[in-house]
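K.L.:
Listed below, chain by chain, are the residues.
Protein chains: 2
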Amino acid sequence: MLDDQLSDDVLEEGDYELDKEVFQPVLAALEAEDAEALVRALEPVHAADIADIIEQLGHDERVALVRLYGGELDGEILSELDEGLREEIVGAMSPTVLADAVRELETDDVVDLIEDLDEPQTAAVLRALDDDDRAVVEQSLSYPEESAGRLMQRELVFVPEHWDVGQTIDFLRNQEDLPEQFYHVILVDPRMRPTGYVTLGRLMGSARKVKMVDIAEDSFRTIPVMQDEGEVAYAFNQYHLISAPVVDADDRLVGVITIDDAMVILDEEHEEDIMRLAGVGESSLSDRVIDTTKRRFPWLAVNLVTAILASLVVAQFEDVITQFVALAVLMPIVASMGGNAGTQSLTVAVRSLATKDLTSANVWRVIRREAAVGLINGLIFAVVMGLVGVAWFGTPLLGVVIAIAMVVNLVVAGLAGVIIPVVLDRLDIDPALASGAFVTTVTDVVGFFAFLGLAAVMLL
Amino acid sequence: MLDDQLSDDVLEEGDYELDKEVFQPVLAALEAEDAEALVRALEPVHAADIADIIEQLGHDERVALVRLYGGELDGEILSELDEGLREEIVGAMSPTVLADAVRELETDDVVDLIEDLDEPQTAAVLRALDDDDRAVVEQSLSYPEESAGRLMQRELVFVPEHWDVGQTIDFLRNQEDLPEQFYHVILVDPRMRPTGYVTLGRLMGSARKVKMVDIAEDSFRTIPVMQDEGEVAYAFNQYHLISAPVVDADDRLVGVITIDDAMVILDEEHEEDIMRLAGVGESSLSDRVIDTTKRRFPWLAVNLVTAILASLVVAQFEDVITQFVALAVLMPIVASMGGNAGTQSLTVAVRSLATKDLTSANVWRVIRREAAVGLINGLIFAVVMGLVGVAWFGTPLLGVVIAIAMVVNLVVAGLAGVIIPVVLDRLDIDPALASGAFVTTVTDVVGFFAFLGLAAVMLL
Chain B
28 MLDDQLSDDV
38 LEEGDYELDK
48 EVFQPVLAAL
58 EAEDAEALVR
68 ALEPVHAADI
78 ADIIEQLGHD
88 ERVALVRLYG
98 GELDGEILSE
108 LDEGLREEIV
118 GAMSPTVLAD
128 AVRELETDDV
138 VDLIEDLDEP
148 QTAAVLRALD
158 DDDRAVVEQS
168 LSYPEESAGR
178 LMQRELVFVP
188 EHWDVGQTID
198 FLRNQEDLPE
208 QFYHVILVDP
218 RMRPTGYVTL
228 GRLMGSARKV
238 KMVDIAEDSF
248 RTIPVMQDEG
258 EVAYAFNQYH
268 LISAPVVDAD
278 DRLVGVITID
288 DAMVILDEEH
298 EEDIMRLAGV
308 GESSLSDRVI
318 DTTKRRFPWL
328 AVNLVTAILA
338 SLVVAQFEDV
348 ITQFVALAVL
358 MPIVASMGGN
368 AGTQSLTVAV
378 RSLATKDLTS
388 ANVWRVIRRE
398 AAVGLINGLI
408 FAVVMGLVGV
418 AWFGTPLLGV
428 VIAIAMVVNL
438 VVAGLAGVII
448 PVVLDRLDID
458 PALASGAFVT
468 TVTDVVGFFA
478 FLGLAAVMLL
Chain U
28 MLDDQLSDDV
38 LEEGDYELDK
48 EVFQPVLAAL
58 EAEDAEALVR
68 ALEPVHAADI
78 ADIIEQLGHD
88 ERVALVRLYG
98 GELDGEILSE
108 LDEGLREEIV
118 GAMSPTVLAD
128 AVRELETDDV
138 VDLIEDLDEP
148 QTAAVLRALD
158 DDDRAVVEQS
168 LSYPEESAGR
178 LMQRELVFVP
188 EHWDVGQTID
198 FLRNQEDLPE
208 QFYHVILVDP
218 RMRPTGYVTL
228 GRLMGSARKV
238 KMVDIAEDSF
248 RTIPVMQDEG
258 EVAYAFNQYH
268 LISAPVVDAD
278 DRLVGVITID
288 DAMVILDEEH
298 EEDIMRLAGV
308 GESSLSDRVI
318 DTTKRRFPWL
328 AVNLVTAILA
338 SLVVAQFEDV
348 ITQFVALAVL
358 MPIVASMGGN
368 AGTQSLTVAV
378 RSLATKDLTS
388 ANVWRVIRRE
398 AAVGLINGLI
408 FAVVMGLVGV
418 AWFGTPLLGV
428 VIAIAMVVNL
438 VVAGLAGVII
448 PVVLDRLDID
458 PALASGAFVT
468 TVTDVVGFFA
478 FLGLAAVMLL
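Line by line, the protein sequences are chains B and U. Take 28 as the starting number for the first sequence in the working numbering and just add one per residue. Take 28 as the starting number for the second sequence in the working numbering and just add one per residue.
Hints listed in this document are in silico derivations from the structure and should not be mistaken for laboratory results. Check each hint, because a few of them may be wrong.
Same chains, same label: a pair holds when it works inside one copy or across any pair of copies.
[As the list claims (entries may be wrong)] Pairs of lysine-lysine, DSBU-like flavour, derived with a Cα cap of 35 Å:
#, residue 1, residue 2
1, 383, 321
2, 383, 47
3, 238, 47
Could you put together the complete structure from these sequences and hints?
P.N.:
In structure tokens form, the structure reads like this:
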């Protein structure tokens, strides 16, 4: 870890953080209500960074920016905005400006842009498109949210599988409008089922007489149009795909997904997992206070219920606590150690489930392993806390009580940390979402019960 | 959330999980020590999945697999293995088998493979390469770990910036060995400084007379060879790059990084953040029990120290607890609510720092927002807990005490959850790594102090 820290120091980083040099002129222009200065300040800034700047402004500054920057707010900036803000900004744009903004986007970006908007705004965007594009967008929207169908592009480059390199190159050279971004030529059979693909690089490097099938990639995979987008991202990451044809229920080619879209989904899925593990849900710094409060409230409410459960356990032992107030002093340590150990194994288990590294093939081995890790660390901390307990309060039996409670608690924490997410996963409940509350309930209840129960038996 | 759950149900998922149908024949072949059956069972399985299978086997089965599968263990499988296991497997392979395995890899994969191996194993792999490849690999290894230089490929496709499409196509068609994967042709000036790039798709779709500079991509960015790989991944994600030229200190072209490599890094960085937030550090299910125990121990030890600090606060109030044992019963609720609220705002802050959404431009706004969220939720839970306290113990003053403590605790949790990671980040300490311990210390200490201190003042 120290090594990491050291090697980090010699590397260049933080280059991409938006610094004061970018913000200062923007804020000054907003202050002065100077539209020209604002356009000038944002001229060299990438759309993704402009979106970040808008997200980092306060509400009043943001309103001023939309008013002053108006017509310059293009579709690319809109696509980059956080969902919450996108609605606010789109709502503040005039219909003609909005129409200009979306017309320049690729259809898959339009789909991404409007799927989180309200009904009237969606309609406004659709009206702004020309008929062909609107048909494509509406067809994409007919697939379920978070499906491969929503994610895919419909601009395709494919040739019959029996063609050779020369035919393919001539065909591509004569096409009027090739998509902006494509990396593979898809091979299809006479029934439009994709049977392989050839990278453009390989195509360029091969002689005209070479058959396309002979230079097709080994790692060919198709994606079902109804597949969950999280699974699509997994497939790209696991099998190092660059692009993949999307097929319908009859295995016919209907679209293509490229790695840049998969990378965005992978990023979102990770973010979602982290936030769910922390009990935050979807959230963004640009959300309003009231929205953030509402999102965090349910998790705190669940936690309150579990904490009250733990308190009820403590309440059973009021007598022994009254006699040995040292128990009240040491209680937080038991709860805290159990909670932390539980969170450790919980996090490993949740991530392993997400990456499909924890399966029925190794689940028992993993459970045994967590119990063993809990036991070893439990024994070490039992000795430490036993000594602390004796030294602090001068009661050897108290030391024994906390030592035994520590072992029990860490073993149970390890077991609960892996068993609970696995069971939730089997029940088709997202383990990242729900495991935390269950695991801390178990560690608190078991921890207090073991500690105070032992104390009642041994000290009274 | 319910919507998510519902829409998940209609989508296909779990397709990529390795199920019993894959495992059963492998386990049977290992049991029977039947090398042929093993090869047959793994024949249709992708290298990445074979690596996952190896990771999910028990230690004895794994040893048997290496012995039986031996020569079939190719470089691709080795690259896909978890670092810990890779060392074990490479150590068990004969030098000739190892040499065959690495010779078929691209040089950047060889670098990735050997950078985590021990000295003698690294030497063995290097010896297995032919002279040209060895020189390339050794040069890559001369860049610091986790730098763009380690990540980049050195097989480049570039042309002078003044060429036209026809010249470029003829040049590519006449090249003997183009790289397997390339998506752009890089344009360079006479001093080998990259000035733009053209996608192969755009090249194929343009007339021969068109100047290359006229069809170059807008979003051109170069990556400094010494840049941290996390920043590289950020740039690809933020600016939707597909590939990017890597340049040395004199801005000369030295390599190229493609999005598939950036996606792997993005995945690793996320994983690292999640694990660090949970106090787990690097970890994998295939680690040995003793390694896992050692990795988790330091975090539990830090937690023990902070828990003892909280206990010391409790110890100051032994008198009031002895008189009002209800305080001991309610204590866990105060600690638990504060800890959870702190973790919520901590997680949002750590992620916002990682994605560069929390900057000096909005830090004060975010701090105020967290305090406001803490205050609102604190007031709500104050009312709830006040009522619970009164109903449970029949002492109105106790209800007032816990209500006030709840407000104080949630506001402090919100503040600590954002201020601590921001300060750590300024001090160049990874906030994901260290924030948790500090934040729970603050919430525990402040929570107990507010609750028990108020009780001492108001109840005694």
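K.L.:
Tell me, in ascending order, the numbers of any earlier hints that this structure violates.
P.N.:
Violated hint: only 3; rest satisfied.
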